[in-house]
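In case you want the letters, here they are:
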Amino acid sequence: DTAVSQTPKYLVTQMGNDKSIKCEQNLGHDTMYWYKQDSKKFLKIMFSYNNKELIINETVPNRFSPKSPDKAHLNLHINSLELGDSAVYFCASSWAGRGTEAFFGQGTRLTVV
Amino acid sequence: GENVEQHPSTLSVQEGDSAVIKCTYSDSASNYFPWYKQELGKGPQLIIDIRSNVGEKKDQRIAVTLNKTAKHFSLHITETQPEDSAVYFCAASSDNDMRFGAGTRLTVKP
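Residue numbers (my numbering), protein chains in the order written: chain A, 5 to 117; chain B, 48 to 157.
Isolated chain A, as found in the complex (with noise of 0.2 Å):
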């Protein structure tokens, strides 16, 4: 069983196109997160969720919309997409506070055509 799972691993997309990334976790965890990595391989965090409700919003362009439907899922919609969209998103989740390992999920590759 996969621990944390992201649909699709891969998405092709014309600029202006609306798009989501889905993202379910089977750890029980209450916090997840949306993490971003461009080509350089940083990985930025955009958004934490604990319990459904949004702690960190980092600075993210309000095109980025995240939803949580539930603790263990946590989607990510993104509208307009523009060619700086392009690149890996990773979905994690942990136990909340601090001092807890985050689970990663694959990633999903966006490309922004």
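If you are wondering where the hints come from, they were derived from the structure by calculation, not from laboratory data.
All of these numbers come straight from a predicted model, not from anything done at the bench.
Calculated pairs, PhoX-like style, for lysine-lysine (alpha carbon to alpha carbon, straight line, at most 20 Å):
| hint | chain 1 | residue 1 | chain 2 | residue 2 |
| --- | --- | --- | --- | --- |
| 1 | B | Lys84 | B | Lys156 |
| 2 | A | Lys23 | A | Lys13 |
| 3 | A | Lys13 | B | Lys89 |
| 4 | A | Lys40 | A | Lys26 |
| 5 | B | Lys89 | A | Lys44 |
| 6 | B | Lys69 | A | Lys45 |
| 7 | B | Lys84 | A | Lys48 |
| 8 | B | Lys89 | A | Lys26 |
| 9 | A | Lys13 | A | Lys45 |
| 10 | B | Lys69 | A | Lys44 |
Since the structure of chain A is provided, determine the placement of chain B on it from the hints.
Just chain B now, with coordinates in the frame of chain A:
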């Protein structure tokens, strides 16, 4: 917010040599410091972690040290093997917030 600096960005060693990666952090509230290994096409995976009440931790060929006063922590890999080649990330964590360093691409030459 937290700012994590990681050096070097690339590191090449001969098989059997040691590799050291260093990180610094800025937020004194951080008290959990994990290290992740990312192989090509995969998500980062935890290889070792250390909490702020501990100065050093070792797991077989991997060790981490933490100097909380100086806000430094390091990863040491001894007797490196070709399968250690990957991108390594340090991170500092506090309150549902985990910030990563920029990563170190380690290449172990056979």
